[in-house]
Amino acid sequence: MEKMRRFNLIRKKINSIDRKVVNLLEKRMSLARKLGRIKKESGEDIEDTAYEREHLDELAQKSSLRPIFLRGIFNEIFSESKKTQRWS
Numbered sequence: 001m002e003k004m005r006r007f008n009l010i011r012k013k014i015n016s017i018d019r020k021v022v023n024l025l026e027k028r029m030s031l032a033r034k035l036g037r038i039k040k041e042s043g044e045d046i047e048d049t050a051y052e053r054e055h056l057d058e059l060a061q062k063s064s065l066r067p068i069f070l071r072g073i074f075n076e077i078f079s080e081s082k083k084t085q086r087w088s
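Under the working numbering, the first residue of the sequence shown carries the number 1, and numbering increases by one thereafter.
If you're looking for bench data, these hints aren't it; they were derived computationally from the structure.
It is possible that some hints are incorrect.
In the DSS-like style, the derived pairs of lysine-lysine whose C-alpha atoms are separated by at most 25 Å in a straight line are [unchecked claim]:
1) K20 / K34
2) K34 / K3
3) K39 / K83
4) K20 / K82
5) K27 / K82
6) K34 / K82
7) K40 / K82
8) K83 / K40
9) K13 / K3
10) K83 / K20
11) K62 / K13
12) K20 / K62
13) K12 / K27
14) K27 / K39
15) K13 / K27
16) K40 / K27
17) K82 / K39
18) K27 / K62
19) K27 / K83
Restraint ranges, calculated between C-beta atoms of paired labels, are given here [to be verified]:
20) K62 / L31: 17 to 25 Å
21) S79 / K34: 17 to 25 Å
22) K34 / R11: 30 to 38 Å
Keep in mind that this is a model prediction, so the values were computed, not measured.
Positions of the beta carbon are idealized from the N, C-alpha and C atoms, including for glycine.
Given the sequences, and given the hints that come with them, work out the whole structure.
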């Protein structure tokens, strides 16, 4: 019974973290829309692969997560951010 209680407690904590991640992604996309408008007004390109690479390298260096895992996640985030910027 104690194991099941601990299991459920850990699962609840994971679910809470997942909700926070989604909330942060929503905030990030909102900022991406604003950035997209600014880039369009100033004539800047939406895509900035040098920034993406530098930012990802910095994140990977400061994290205990596997770089390939972070790269996969952030490639998706960057891709969606660029789509959001183009549509803004």
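Against the structure, the hints:
1. With a C-alpha separation of about 21 Å, the suggested pairing of K20 with K34 holds against the 25 Å cut-off.
2. The straight-line distance between the Cα atoms of K34 and K3 is roughly 47 Å, outside the 25 Å bound, and the hint therefore fails.
3. With a C-alpha separation of about 13 Å, the suggested pairing of K39 with K83 holds against the 25 Å cut-off.
4. For the given pair, K20 sits about 22 Å from K82 by alpha-carbon distance, which is consistent with the 25 Å threshold.
5. Among the hinted pairs, K27 with K82 is consistent with the structure: their alpha-carbon atoms are about 15 Å apart, no more than 25 Å.
6. A hinted pair counts as satisfied when its Cα atoms are at most 25 Å apart, and K34 with K82 qualifies at roughly 12 Å.
7. With a C-alpha separation of about 12 Å, the suggested pair K40 and K82 falls inside the 25 Å cut-off, and the hint holds.
8. Note on K83 and K40: the hinted pairing holds, with a Cα-Cα distance of about 13 Å set against a maximum of 25 Å.
9. Taking the CA atoms of K13 and K3, the gap is near 15 Å; set against the 25 Å cutoff, the hint holds.
10. Of the pairs offered as hints, the one joining K83 and K20 holds, with about 22 Å between alpha carbons and a cut-off of 25 Å not exceeded.
11. Only pairs whose Cα atoms come within 25 Å are accepted, and K62 paired with K13 is accepted, the gap being roughly 24 Å.
12. Between the alpha carbons of K20 and K62 the distance comes to roughly 21 Å, so the proposed pair stays at or under 25 Å and holds.
13. The straight-line distance between the Cα atoms of K12 and K27 is roughly 23 Å, inside the 25 Å bound, and the hint therefore holds.
14. Annotation: proposed proximity of K27 to K39 holds, straight-line Cα distance about 18 Å (limit 25 Å).
15. A hinted pair counts as satisfied when its Cα atoms are at most 25 Å apart, and K13 with K27 qualifies at roughly 21 Å.
16. Restraint check for K40 and K27: the C-alpha separation of about 20 Å stays at or below 25 Å, so the hint holds.
17. At roughly 11 Å between alpha-carbon atoms, K82 and K39 fall within 25 Å of each other, so this suggested pair holds.
18. About 22 Å separates the Cα atoms of K27 and K62, which keeps this hinted pair within 25 Å; it holds.
19. Restraint check: the Cα-Cα separation between K27 and K83 comes to about 15 Å, which is no more than 25 Å; the hinted pair holds.
20. Range check, K62 to L31: about 21 Å between beta-carbon atoms, so the 17 to 25 Å window is met.
21. Between S79 and K34 the beta carbon distance is about 18 Å. The supplied range of 17 to 25 Å therefore holds.
22. Between K34 and R11, the C-beta spacing of about 36 Å keeps the proposed range 30 to 38 Å intact.
Hint compliance for this structure: hint 2 alone is broken.
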